[in-house]
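Q: Based on the sequences and whatever the hints tell you, model everything.
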Amino acid sequence: MSDYKPEKIEKKWQQKWDDDALYRAEVDWTKPKHYALTMLPYPSGDLHIGHWFAMTPSDARARYMRMKGYNVLFPMGFDAFGLPAENAAIQRNIHPATWTHANIERMRKQLKSMGAMFDWEREAVSSEPAYYKWTEWFFKQFYEADLAYRNEAVVNWSPTLQTVLANEQVIDGKDERTGQPVIQKMMAQWFFRYTRYADELLDFSKIDWPEPIKIMQTNWIGRSEGAKVTFKVETGDDEITVYTTRPDTLWGATFMVLAPEHPLVDKITTDAQRAQIDAYKEAAAKATEIERSAEDREKTGVFTGAYAINPVNEEKIPIWIADYVMITYGTGAIMAVPYGDQRDFEFARKFGLKIVAVVKPEGADSVPNPDEMTEAYAGSGVMVNSGAIDGTVHNGAKGRKSPAVDAAITYLEAQKIGEEAVNYRLRDWLISRQRYWGSPIPMIKTVDGTYETVPDGGLPVELPADVEMTGFGNPLANHEEFVHTVDSQGRPARRETDTMDTFMCSSWYFFRYLSPKYNDAPFDPEEAAYWLPVDVYTGGAEHATMHLLYTRWFNKAMRDLGMFDETIEIMHDNGRTPEEIMYGEPMLLLRNQGQVLGGERPGDYILATGRFEGDKLFADRVEVVNGPNAVPAGFEGVFGEITKRTESIIQVDMAGVNHVVEVVPDAEVIIPAIAGENNVNQLKHHLEIQRMSKSKGNVVNPDELVEKYGADVVRAYLMFGFDWTKGGPWDPSQVSGPQRWVHDVWTMVTAGAPNSGGGDPAINRHVERKVHQAIDGVSYSLERFSFNTAVSALMTLRNQMQAFIKTGQIGKDAWTNAMNVMLRLMAPITPHMAEELWAHLGFDYSIHQQEWPEYDAEKAKEDMVTLVVMVNGKPRGEEPVSPEIEKDEAIKIALANENAQRFIEGEPKKIIFIAGRKGQEPKVNIVV
RNA sequence: GGGGCAGUGGCGUAAGGGUAGCCGCGGCGGUCUUAAAAACCGCUACCUCCGGGUGUGUGGGUUCAAAUCCCACCUGCCCCACCA
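If you're matching positions, the first sequence starts at -9 in the numbering used here and goes up one per residue.
List time: in silico BS3-like cross-link candidates among lysine-lysine, alpha-carbon distance up to 27 Å:
1) K222 with K344
2) K388 with K196
3) K218 with K388
Okay, the calculated beta carbon distance ranges per label pair:
4) D198 with G747: 45 to 53 Å
5) D380 with I904: 53 to 61 Å
6) H562 with A752: 52 to 60 Å
Since the hints were made in silico from the structure, they are not lab data.
Glycine included, each C-beta is placed from N, C-alpha and C at the ideal position.
A: Take a look at the structure:
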């Protein structure tokens, strides 16, 4: 019966929508606006099922908002600069621009097959000169406002290739292409003053963002309160300043540790120690920061031979270098208090350094003997052996909220040996990349070594097209014509050859969408005044601490440089309060989707022995073995891969046959890979958890799915089959549910009304009720980005309608009205089919310009509901009652319930009535 | 190592502190068919003395009431600055 042909109707409607400019979003001050934004893709080659998973639900939400009466802008573009284009260039001898543009062409076509309401007139591509002219312009503005500066930073340097490598190009300290060693090298680079906005970035009060994102950003910024303390080096005039969050423990500082890169190291090192120090520095240069900061690593370090004087007690303390101190955090030097800091404690134990107890733990009778301690004590207590602050209390609070810290800071400031200080884990934003395929940094280095900006007329500094991509050296630095220029006084000068981090491009793309062809500024203030800020932003949570923090910084810097001034004026002229812009927050609401995963993880291979009961093995011994090829001779038990584990019940695949093994309590579990005593919880079962990636060959191509099922079914499946915020493994076997749903609706509508007359009024009333319950369910779900429950509510309506139609008693008008509403509810999810069936029923084009159905609670109401009678919180009986039942009446009925009475002895202690909220039954809980 | 998140039937998942498992997938039984597919109907957590009892990773706690809130643990996933 179903002659649903998605390949025909989808193309047809996409073409018509395009011809009619149905999704063109234009400024219209008479209508409320809604700027819906989904993260722009990197043009890697093919659209991934993950793009569909991120974008089609976002599209459904944008469509819903449009039907709710908003003027919706939902644009799309490409984040087109980046490393993969260069890799392609090197491997296939193709220009990065050619590769990128070809990919964009292909992906644009794939994106269009989604049937999303993208306004393609607004498309922006970050690698086009018309775009990166403004990326450069932003850099210039930031530089002139002292938000950009030059400083040294560590890079992965390949001596073989004479080039800087990305972290992902470095595998085990070696370049992935040549296998040659990579070293850590200091290089002068461009930074933005990210930390200047650290405190403002900690304020989330004006935005509705997911709690985890706010927590991650807060931790990432890592504000800490403490003090800076200056130590004098014993000989010479040198001073070493340290930052500490625990200045109260200064009396317990028994040595100092400098980062190996600390500038004073060479100067203070004694001749006797020099060889050792140099060797250590060289070794440290080879390790990455993540490796170095791993706390489970054995502590290493070398004594410099020099001593410092502890300013509070004049003690002479040795100065060491060690790689657990980072040059990038604080001052690159620490005072080591082995009593109170675990890392310092381990270091002191390893090298036999002195430990002095400075805190008497809360509730302890005496101060611990440092020689008997097995770990540092970082808790609260009373300060001891601490001179001026002896007896003050450290209560565990941060900064001056701890009395001991407060006393220490006051003392340090009075003695002029230190001062209160705030430190951030956040570091300034290093935007320099020694790469070709990025936006050039519009700076010129003059003959006297100073920098000046490229004048506005010189923007954009365009990337030269005739470069050779060999992977050796920096193509821009090797391009003579590009490098040689003149400065403002006509003297020969050199262009900056670093390009910008691509996060710079993606920090402002949603401004460019407003007016991608605008030539007088990054964006047209007339457009900005209407559309800004972004109302809803959707994308992956993996951007929590990078893109999503950079773009907030960028927006605040733009605000402070007056880039919104004109926009704000226009807002005023149109009666709009510009407060939202003044907050300096680019996106008011953020929601994250999860990831669609693919592939599999194998389970542990086990040998299990014990006692069989039928087919089930009660195992008293389980051993994890290497793989499927190790069956010992004469083995009796179960051997195979664990496919599933629920507590102590294990499903084992033994040569294709499933066996159930129950691991008895106290069974011996042996897992060689996990040291120490093992238990059943550590057994790994088969899981499908891997991320999709080309190298694993488990990427799902949406084009094939669209061809097979149609875009509407793929959209419906992606929205229905997952918790959108979680994502999950790809499982094509689950497509059939949504597929049946779409086909059923098609069949239902094309079959026409089952009854040409008025039908049974009671049935018609039921239909109306279920339709309104569906309006409520779908609206509530879409409002909350809960796409799976939206589809679920529509499937429920399908089931109910099928049952009503089967009676043959549904009237023509009731049926037509039900179909009319159902199609409008489906329009955001399955836009093509909804449009086709809408036209089939003779309603006015386009369904996407219709209003969202209005919910009427009266119409949705049931005549009778079930009163749940509970005793001590357990359901004991049910009684049919009116949904409006009052408390007293409900309690009376509940107490009269026969079954419930069996559980009530004597007088109830308490009776609680829970009113029947929307969609829920009233309840009475009788406590006895 | 640091940070974040998650754990519910065979599977994907639902549940606004208030009857755990909505909606699907799969499976089992049936109808129709020469047969199969499709479609349609029914069943589908465990135990039970048939009264009921148990059950949301484990162990505690708060509450009249906990999948939901709190604490600890176990397991897994994601992010960590030149991948985007």
